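**Student:** Assemble the complex: chain C is given as a structure, and chain B must be docked to it using the hints.
Listed below are the residues making up each chain.
Number of protein chains: 2
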Amino acid sequence: MNFVKAFAPATVANVACGFDIFGFAVKEPGDTVELRRRDEPGIVITDITGDEGRLPRNAEKNSVTGVMLYLLKHLGITDFGCEVVLHKNMPLGSGMGSSAASAVAGVVAINEMLGKPLTRQELLPFAMEGERIASGSAHADNVGPSLLGGFVVIRSYNPLDIFTIPVPGDLYCTLVHPDIEINTKDARFILRNEVSLKNTIAQMGNVAGLVAGLMQADYDLISRSMVDVIIEPVRSILIPQFKEVKQAAIDHGALGCSISGSGPSLFALSRGVENAQKAGAAMKDTFADAGIASSLHVSSINQGGAVVLTE
Amino acid sequence: MNFVKAFAPATVANVACGFDIFGFAVKEPGDTVELRRRDEPGIVITDITGDEGRLPRNAEKNSVTGVMLYLLKHLGITDFGCEVVLHKNMPLGSGMGSSAASAVAGVVAINEMLGKPLTRQELLPFAMEGERIASGSAHADNVGPSLLGGFVVIRSYNPLDIFTIPVPGDLYCTLVHPDIEINTKDARFILRNEVSLKNTIAQMGNVAGLVAGLMQADYDLISRSMVDVIIEPVRSILIPQFKEVKQAAIDHGALGCSISGSGPSLFALSRGVENAQKAGAAMKDTFADAGIASSLHVSSINQGGAVVLTE
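Note that the protein sequences, when read in sequence, are chains C and B. Numbering follows our numbering, with no gaps: position 287 of the first sequence is 287. Numbering follows our numbering, with no gaps: position 209 of the second sequence is 209.
Rather than coming from a laboratory, the hints here were simulated on the basis of the structure. Remember, it's a predicted structure, so these values are computed and weren't measured experimentally. Please note that a few of the clues may not be correct.
Since the list gives no way to pick out one identical chain from another, each pair is judged satisfied if it fits inside one copy or across any two copies.
Each computed BS3-like pair below joins lysine-lysine, with the alpha-carbon atoms no more than 30 Å apart [claimed, not checked]: (1) 61 x 116; (2) 243 x 198; (3) 243 x 278; (4) 61 x 198; (5) 243 x 116; (6) 116 x 27; (7) 278 x 73; (8) 278 x 198.
The shape of chain C in the complex, shown without the other chains (with noise of 0.2 Å):
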């Protein structure tokens, strides 16, 4: 195979209470990756686009290629050769799990052109590794879902336990970022080591409520449970204009709404199109009103994840 292009998605990690354990993958933005064989070994990015320039053209620096240096080390792989060109849909640092989506998206392509060494599930440990290349610490809540598509749980990560859960197929998402940005390092940097006993067990009922009520299709429980009396309340004081774009989301048909990630990006859940458009109108409004422009992504629950896009 001599060329090869695949797309990841954008995700939503932590949905409210499940900090570090929940995410989920939408149908759209994501990123593109491209590989082209050459005949020298060693891998060479020739073109990284929507990146401003911003990330680094250096194979090794570069978590896309990074990741790609990793798994072939790890398959002993040592006379391989392509090109690589990123296509960025998605702002980075926007809390849609861009790094996630250019990781995934660079494993599932290479995994794809050495021939399928590796299963899908294989391939998550590489992809969290290109998450600790752009942030340092290697979650999953982002890769996993982008990988493996619907509603993924990670119930360790030492040994890392990762398993998905049905969701009702009317559960939309919308996604708005709003245009400034936040440093993943500094959002995770502010958040207290420690939590108080009563908002564990406030944050356990709610992250147990959320799995029951996706499982039941329980849109009332759903909403019930889209809490997080940890994380928010820390994080949202980094985002102008939290408070009023949640409320607005919420009037507008949203079942609940938080921040996406580490932010700034905001999601809402809703049940059905419509209500999901409706709030995504509202919540760009809000931002629009104290002068900050959004962009606004509406899709149902990426089911699938990660895909190659050539034959």
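**Tutor:** Here is chain B on its own, set in the frame of chain C:
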């Protein structure tokens, strides 16, 4: 109706990872309350068996009758009178929801005698008041399952939001009560008020895993999720032979084992009654090896909760 007899089952609260949010009812043991109407207003305790004389005989101080008085007051009934007999079939301070079973049997019995003015769900806050009288705080993780049956999740205490989730039919509970006593207030007192964010994340992962595992009848996932990194490490210090008994349960067929409520009883969950019995025998033997007598109960999950035994 001049005579009512009601039974309310023992319960396992917390269920490893779900401190204050999970609980389920077993089929036995359980407490029985008998009410006999009398002409004069007022509630009188005529007998309590099985408590070794330790429960208050004063109707206002006893949690069973205290709850009945609270219910009558709420309903605005001033002319009602009855004699109460309480049969305690489990030890006090056992971690099997002893006070909850008594309070639940009490509210179910008086509600029946009054012609069922309240639904089961509506009785919950009154039964919780019994827990407040007995232990100082109004928890629902024993009262909820004893009253409603099944595997109960308390998503929120304020406002109270409680629901049940389906469990596999082949899931059995082993309850072993060592002949030592822990005061519920003490068991709560030794807990730290702060939890590390890392442990909160681990516990949330297990909460999500246990809910999904029970709902999907995924016994492996149930087993992997029966991990408590917050409460068990602290409370187990109060229970002699804890580690050995837990290990014996797991070595002899249990999916997992942890402290029942605030202890000292231990519970195990197993797939099939034979595994539950084998695990129970091993747990009992391990306590016996250390010179500790214990009582053993094996039953499936009680799906109905408290029952009225009179017609």
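**Student:** State the violated hints by number, sorted upward, taking the hints as numbered earlier in the document.
**Tutor:** 5, 7, 8
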